[in-house]
Amino acid sequence: MEHWIRVEPDVKIYVNDINPLGSRTILFIHGWPANHRMFEYQYNQLIPLGYRCIGVDMRGFGQSDKPTGRYDYNRLADDIRCVIGALGLQNITLGGHSTGGAVAIRYMARHQGYGVSRLALFAAAAPSLIQRPGFPYGTIREVIEQIIQATWQDRPKMLRDFGDMFFYHKVSQPFSDWFFQLGLEAASWSTIAVSEAWLTEELFQDLACIRVPTLIMHGIHDQVCLYPLAVAQHQGIRHSVLIPFENSGHGLFYDERERFNRELSAFAR
Numbered sequence: 001m002e003h004w005i006r007v008e009p010d011v012k013i014y015v016n017d018i019n020p021l022g023s024r025t026i027l028f029i030h031g032w033p034a035n036h037r038m039f040e041y042q043y044n045q046l047i048p049l050g051y052r053c054i055g056v057d058m059r060g061f062g063q064s065d066k067p068t069g070r071y072d073y074n075r076l077a078d079d080i081r082c083v084i085g086a087l088g089l090q091n092i093t094l095g096g097h098s099t100g101g102a103v104a105i106r107y108m109a110r111h112q113g114y115g116v117s118r119l120a121l122f123a124a125a126a127p128s129l130i131q132r133p134g135f136p137y138g139t140i141r142e143v144i145e146q147i148i149q150a151t152w153q154d155r156p157k158m159l160r161d162f163g164d165m166f167f168y169h170k171v172s173q174p175f176s177d178w179f180f181q182l183g184l185e186a187a188s189w190s191t192i193a194v195s196e197a198w199l200t201e202e203l204f205q206d207l208a209c210i211r212v213p214t215l216i217m218h219g220i221h222d223q224v225c226l227y228p229l230a231v232a233q234h235q236g237i238r239h240s241v242l243i244p245f246e247n248s249g250h251g252l253f254y255d256e257r258e259r260f261n262r263e264l265s266a267f268a269r
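Residue numbers (my numbering): 1 to 269.
It should be emphasised that the hints constitute simulated quantities derived from the structure, not laboratory data. Glycine included, each C-beta is placed from N, C-alpha and C at the ideal position. Don't take every hint at face value.
Claimed, not checked - With beta-carbon atoms standing in for the labels, derived distance ranges: (1) A150 to Q90: 41 to 47 Å; (2) G50 to I243: 20 to 26 Å; (3) Q90 to E142: 41 to 47 Å.
As the list claims (entries may be wrong) - The list that follows gives simulated cross-link-like pairs (lysine to any residue, SDA-like), each with its CA atoms no further than 25 Å apart: (4) K157 to Q63; (5) K12 to D65; (6) K12 to R70; (7) K66 to F162; (8) K66 to S188; (9) K12 to R257; (10) K157 to L182; (11) K66 to W189; (12) K12 to T68; (13) K170 to Q63; (14) K170 to R257; (15) K66 to R155.
Let's have the full structure, built from the sequences with the hints guiding it.
Below you can see the structure in the form of structure tokens.
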């Protein structure tokens, strides 16, 4: 079931509510620069198990509206609050990959985890994607600045290069082409705006606001959100469990999809 949920007078968010009669609900927030369809290998396995899977396209990405203006974590978290309210969701598992994981953390802090009983973080870009004073575990600022500059100059090449470092195991050329197309569906300005937000957004205080059981899954070979970020999340979130994926990079939802789906299903149950 498809929805376009109005989050501002002139902005609607696309939501794909799959198996709405399922007994347990997982709401997925995708990572940059893709959209909700990146989780199709989760939907395919979780739906037969009775799960209701809700995929959200963040503003600027996929089939959602693509306004100019703000793309900070507060704005994106507020969009999620509108989706959860509009669908009347309660006691759900909120799952987020990469930037989507960061937005999920901000949602839990900013909206007191409204409607959420469990949180799942997949290679989350938290508590800071980049290195900061007192936090040497992220990537260096210059790498992000290079991604931003590459998006301005040649967005398709940037997307192709980013896809090449995304997965630990080699993927087929058709799969690579499909993943590349997910990024092309985004607006260039939203792609740039979210990547610029990485330079300023911090989630150190947000971690302490999380009060629900939290599952952290992270590939130890992640070249985008380095594995020490997961350790910092685990240390900062009470009642969290960290599961390292020894044979995964940033795309652990595909690199080790059988294990990923098994762990997520057991946690959400």
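Evaluation of the provided hints:
{"no.": "1", "hint": "A150 to Q90: 41 to 47 Å", "result": "42 Å, holds"}
{"no.": "2", "hint": "G50 to I243: 20 to 26 Å", "result": "23 Å, holds"}
{"no.": "3", "hint": "Q90 to E142: 41 to 47 Å", "result": "44 Å, holds"}
{"no.": "4", "hint": "K157 to Q63", "result": "22 Å, holds"}
{"no.": "5", "hint": "K12 to D65", "result": "6 Å, holds"}
{"no.": "6", "hint": "K12 to R70", "result": "15 Å, holds"}
{"no.": "7", "hint": "K66 to F162", "result": "22 Å, holds"}
{"no.": "8", "hint": "K66 to S188", "result": "9 Å, holds"}
{"no.": "9", "hint": "K12 to R257", "result": "31 Å, violated"}
{"no.": "10", "hint": "K157 to L182", "result": "14 Å, holds"}
{"no.": "11", "hint": "K66 to W189", "result": "9 Å, holds"}
{"no.": "12", "hint": "K12 to T68", "result": "13 Å, holds"}
{"no.": "13", "hint": "K170 to Q63", "result": "28 Å, violated"}
{"no.": "14", "hint": "K170 to R257", "result": "14 Å, holds"}
{"no.": "15", "hint": "K66 to R155", "result": "17 Å, holds"}
Comparing the model with each numbered hint stated earlier shows that hints 9, 13 do not hold.
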